[in-house]
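Visitor: From just these sequences and the hints, can you work out the full model?
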Amino acid sequence: MKCSICGKEIETTFLNKIKGSYYKENGKLMPICSECFKKKFGGGR
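Counting along the sequence shown from 1, when you hit position 45 you're at 44 in numbering that gives the first Met the number 0, and nothing is skipped either side.
A portion of the hints provided could be inaccurate.
Claimed, not checked - Across the chosen pairs, the derived CB separations fall in these ranges:
{"#": "1", "residue 1": "Gly41", "residue 2": "Phe13", "range": "29 to 35 Å"}
{"#": "2", "residue 1": "Gly41", "residue 2": "Lys7", "range": "15 to 21 Å"}
{"#": "3", "residue 1": "Met0", "residue 2": "Gly26", "range": "26 to 32 Å"}
{"#": "4", "residue 1": "Asn25", "residue 2": "Lys1", "range": "26 to 32 Å"}
{"#": "5", "residue 1": "Phe40", "residue 2": "Phe13", "range": "26 to 32 Å"}
{"#": "6", "residue 1": "Phe40", "residue 2": "Gly6", "range": "28 to 34 Å"}
Claimed, not checked - List time: in silico BS3-like cross-link candidates among lysine-lysine, alpha-carbon distance up to 25 Å:
{"#": "7", "residue 1": "Lys37", "residue 2": "Lys23"}
{"#": "8", "residue 1": "Lys27", "residue 2": "Lys16"}
{"#": "9", "residue 1": "Lys38", "residue 2": "Lys1"}
{"#": "10", "residue 1": "Lys27", "residue 2": "Lys38"}
{"#": "11", "residue 1": "Lys39", "residue 2": "Lys27"}
{"#": "12", "residue 1": "Lys38", "residue 2": "Lys23"}
These are calculated hints, taken from the structure and not from any lab test. Keep in mind that this is a model prediction, so the values were computed, not measured. Glycine is no exception: its CB is placed at the ideal position from the N, C-alpha and C atoms.
Guide: Spelled out as structure tokens, the structure:
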């Protein structure tokens, strides 16, 4: 799966869960890597 902002490949776990986050844009869930999440939303979890 690729990040919707930078296009970098997002790692997945063995259960096919992404090591990143999803954010909602225009009613659609978009995958986002942790680096872009920190840039866009200012901080981590």
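Visitor: Indicate, hint by hint, whether the structure satisfies it.
Guide: Consistency of the hints with the structure:
| no. | hint | verdict |
| --- | --- | --- |
| 1 | Gly41 with Phe13: 29 to 35 Å | holds (31 Å) |
| 2 | Gly41 with Lys7: 15 to 21 Å | holds (19 Å) |
| 3 | Met0 with Gly26: 26 to 32 Å | violated (19 Å) |
| 4 | Asn25 with Lys1: 26 to 32 Å | violated (18 Å) |
| 5 | Phe40 with Phe13: 26 to 32 Å | holds (27 Å) |
| 6 | Phe40 with Gly6: 28 to 34 Å | violated (19 Å) |
| 7 | Lys37 with Lys23 | holds (16 Å) |
| 8 | Lys27 with Lys16 | holds (18 Å) |
| 9 | Lys38 with Lys1 | holds (17 Å) |
| 10 | Lys27 with Lys38 | holds (20 Å) |
| 11 | Lys39 with Lys27 | holds (17 Å) |
| 12 | Lys38 with Lys23 | holds (16 Å) |
Hint compliance for this structure: hints 3, 4, 6 are broken, all remaining hints hold.
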